[in-house]
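Protein chains in written order, with the working numbering: chain V, 1 to 248; chain R, 1001 to 1214.
A hint or two may mislead.
With a straight-line cut-off of 20 Å between C-alpha atoms, the simulated DMTMM-like cross-links for lysine to aspartate or glutamate are [unchecked claim]:
hint, chain 1, residue 1, chain 2, residue 2
1, V, Lys125, V, Asp85
2, R, Lys1068, V, Glu71
3, R, Lys1137, V, Asp55
4, R, Lys1069, V, Asp55
5, V, Lys113, V, Asp166
6, R, Lys1068, V, Asp65
7, V, Lys148, V, Asp65
8, V, Lys127, R, Glu1055
9, R, Lys1069, V, Asp76
10, R, Lys1068, V, Glu60
11, V, Lys194, V, Asp160
12, V, Lys178, V, Asp24
13, V, Lys100, V, Glu70
14, R, Lys1069, V, Asp65
15, V, Lys213, V, Glu235
16, V, Lys68, R, Asp1071
17, R, Lys1068, V, Asp76
18, V, Lys213, V, Asp165
19, V, Lys104, R, Asp1071
20, V, Lys176, V, Asp76
21, R, Lys1068, V, Glu70
22, V, Lys218, V, Glu235
23, R, Lys1069, V, Glu70
24, R, Lys1069, V, Glu71
25, V, Lys68, R, Asp1213
26, R, Lys1074, V, Glu70
27, V, Lys100, R, Asp1071
28, R, Lys1069, R, Asp1213
29, V, Lys116, V, Glu128
30, V, Lys148, V, Asp197
31, V, Lys206, V, Asp20
32, V, Lys7, V, Glu70
33, V, Lys125, R, Glu1055
34, V, Lys91, R, Glu1055
35, V, Lys90, R, Glu1055
36, R, Lys1141, R, Asp1213
37, R, Lys1074, V, Glu71
38, R, Lys1074, R, Asp1213
39, R, Lys1069, V, Glu60
Rather than coming from a laboratory, the hints here were simulated on the basis of the structure.
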Amino acid sequence: MNVLSVKGLTKRYPNFLLQDIYFDLPQGKIMGLIGKNGVGKSTTLKSILNLVNPDSGTIEMFGKDFIKNEEICKQDIGVVLGGIDFYNHKKLRDITAVTKRFYKNWDDKAYHKYIKAFSISPHKKVKELSSGMKVKYMLALALSHKAKLLILDEPTSGLDPVSRDDILELFRQLVKSKEVSILFSTHITSDLEKCADYITYIKDGKLLRSAEKSSFIKSFQHLKEPGDKSELSLEEIMVRTERSRYDV
Amino acid sequence: MMFNLLYKELRLAAHPNLFIFTLLGALVIVPAYPYGMVFLFGCLGPYITFMYGRETNDIYYTSLLPVKKSDTVKAKCLLIVLAQMTQLLISLPFAVLRLSILPNGNPAGIEANIAYYGFGFIICAIFNLILLTQFFKTAYKVGKAFILAIIPAAIGVIIMEVIVHIPRFQWLDSIEPAIMLKQLPILVIGIVFYIFSMLVAYRVSANRFQQVDL
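With the hints as extra help, turn the sequences into a complete structure.
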């Protein structure tokens, strides 16, 4: 079963066009959304969440039309928008106290378990957290209301290699139960090598390919150059696909 | 849900200034003071909170909660109404108190009488209607929305304060019970206009916010 199906997603901006994006995320899997900066990864995620109004396309979440069932679907998702911090000067316990009121499945016990496991102090202010801790706090909130789908926009950007590995390892653990599925955008290809099951690649606002990781990698082997002995890595695939030729 | 939205506004979104300006309803006990300023403080509070909301990404936070996009607008409307009505309630005992301790009236402008509260409802309604509908066109241009809203609100305050110095309209400045009864229609019109404006402000703002790309 797919927890998320995106079909024909199109969004027009005066200077940018996100065109006909489609992909399916099966339950219990991790999908990485990759592409260069500014190709439409965030717009795709924001369109899925109705933060941005798409010009066309449908979003099916948990088998329901997302727009028609926005409140119900949002009960079961957790979102982390990279680079957007909420209420920097507020303490985490204040944000938690408000957030928990909106979720039917909120579990206080689980919340305390997660903040303890992630070593988060609820008395700290948001601004006192490192980037990695902010992502973990948002994940703790999402998991405490038993989110079945996590949507994260660049959760690993700006993190040091240790924190990045920590978050990615956490992702892998979360999907083990098959109850949580994850869609996250990144431009760091090693994130995908470490933890993605599926890869969706967006180039210049268009979907280049969305597939299971090994078949995704296989499908790009035509980019091999004379002298390449081993299979191309995701980084080589991305760099060779995006490479510009300057005539200067 | 409405209670949860208001709780969120008060605990996370509201700037401390909103609470202070709400308390300034007590200014009607100042002996000689243009009491129209109380309403302008009632307008400034929401403006500062909107600015603060932009700084704290409050709109993003609310939009990601399991609520409809229009509920983000509803939360802000509820907060403004709550702040302005609380300010009015705070001012009431002081308006009654001044009858006994300041019986000579207010030489600076209008008395804190029934007409004053009627005008207050109209001034706040005009401000709210413009601020909300302009702000939710973009959900970030709060300065422009405030300028467009505060100019007519300030003109309203000036008219209220000046009109009582014109002999024909001096009955508006009275605190005599019989004359205040004559002022009652202004209060009724003010309340009806305030309710009507808030409903229009919510509907128009919610429709506009629906089109906004965050």
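**Numbered hints the structure breaks, given as an ascending list** = none
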